[in-house]
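Each residue of the sequence shown is one higher than the last, beginning at 1 in the working numbering.
A hint or two may mislead.
Quick list of in silico lysine to aspartate or glutamate cross-link-like pairs, EDC-like style, CA-CA up to 16 Å [unchecked claim]:
| id | residue 1 | residue 2 |
| --- | --- | --- |
| 1 | 336 | 123 |
| 2 | 116 | 68 |
| 3 | 281 | 256 |
| 4 | 284 | 256 |
| 5 | 91 | 61 |
Computed Cβ-Cβ distance ranges for the label pairs, DEER-style [as the list claims (entries may be wrong)]:
| id | residue 1 | residue 2 | range |
| --- | --- | --- | --- |
| 6 | 252 | 133 | 33 to 43 Å |
| 7 | 164 | 284 | 16 to 26 Å |
| 8 | 245 | 382 | 28 to 38 Å |
| 9 | 304 | 252 | 25 to 35 Å |
| 10 | 252 | 362 | 41 to 51 Å |
| 11 | 12 | 106 | 30 to 40 Å |
| 12 | 93 | 309 | 40 to 50 Å |
Derived by calculation from the structure, the hints in this document are not laboratory data.
These numbers come from a predicted model, not from an experiment.
Every residue, glycine too, gets a C-beta built ideally from N, C-alpha and C.
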Amino acid sequence: MQVGVPKEKSPEQRVAIVPETVSQILKSGLAVHIESGAGENAHIQDHHYQQAGAKIESNIETLYQQSDIILKVNRPLLNNSNEYPELDLLKENSILIAPLAPLKNLDLIAKLNTKKITAFSLDYLPRIARAQSMDILSSMSNIAGYKSVILAANHLGKLFPMMTTAAGTILPAKVIVIGAGVAGLQAIATARRLGGVVLAFDTRPAAAEQVKSLGAEFVSLETTHEQSQDQGGYAKEQSIEFYAKEQEIIQNYLPEADVVITTALIPNKTAPVLITESMVKKMKPGSVIVDLAIEQGGNCVLSEEGKIVTKHSITLIGLLNLPSTLPVHASQLYAKNMLSFLKYIIPQIKGNQFDQSDEIIKSCLITHQGEMIHSGVKHAMEQKG
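Take these sequences, add in the hints, and give me the full structure.
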């Protein structure tokens, strides 16, 4: 069987596998073909892949038509794109492994199903111990949390650490991190390494110990474990009254903040609005808000998707896909996650039958041989009509 890795379309700079993982895939009995230039944005040249045992393919149509398994960082492009239609190039009955965001892309899922593509969506992997090595969301969130602080420091007209100089003492930057998941914890750690004083908010009482272990102060709402997170460990959607209460608490701290980083997300839902325009107006001029929830609507009502804007003298950063801006390490981590998942399912691929009672398979197998498998996606498709 042949694994194909196409070059991702701009502005994506990551690649789905790196030379270090090619050899491991080959040991599993699969051939690896990579589109020429696929790794160049991550500073991986074609000859690096060739030295690891991969074949380089210059013709993208040939790559897709000869590949039984396609590995991608982003979902395939539809045929209404300005580039070549990746979806049309996928051959029938092949396997696609990528983060597909199925509920946001029902048209894509329907077309994959029509072509009898076996589609695995890696963003649907369950948060369980067996799946940790495959967890692309955690890997990429770590990078996004780090980069959010670097962006904030770059746009803040102040120093992060306290400095005692002959001209006087400079106080450290005060940083608020909203949401202490993977991205939030990495943002806390990075801000602390830069010398900032950090305060973190989270609805999950269980996050307190992790926040404090990083040297930050923790502020929690009064919620029980069952109220705050689902069985998978993700934050649960709350009531309008709940978020209003959270806004009320947060606004008490915002006037003293130099940097605010928001990371509050609800799986498959619009991100909760936690910072209103009136709250922004009360912040110190020159402060910075980095909205890591912008791809799901944003936690700050004034954030603009894909842009850095200034409103009420506050810089609002709503840039998308931060992991792609650090393509070297982002590709390495993503590739290791991909390798772990691929090795997990290879025995089932060779047997041409997937164990849908397995929690990992059940969670991320979306379509298979012309059948809509994932119950949640199937329900959404039926609701759409």
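Structure-based check of all given hints:
no. : hint                     : result
1   : 336 with 123             : holds, 15 Å
2   : 116 with 68              : holds, 12 Å
3   : 281 with 256             : holds, 12 Å
4   : 284 with 256             : holds, 7 Å
5   : 91 with 61               : holds, 10 Å
6   : 252 with 133: 33 to 43 Å : holds, 41 Å
7   : 164 with 284: 16 to 26 Å : holds, 23 Å
8   : 245 with 382: 28 to 38 Å : holds, 36 Å
9   : 304 with 252: 25 to 35 Å : holds, 26 Å
10  : 252 with 362: 41 to 51 Å : holds, 44 Å
11  : 12 with 106: 30 to 40 Å  : violated, 22 Å
12  : 93 with 309: 40 to 50 Å  : holds, 46 Å
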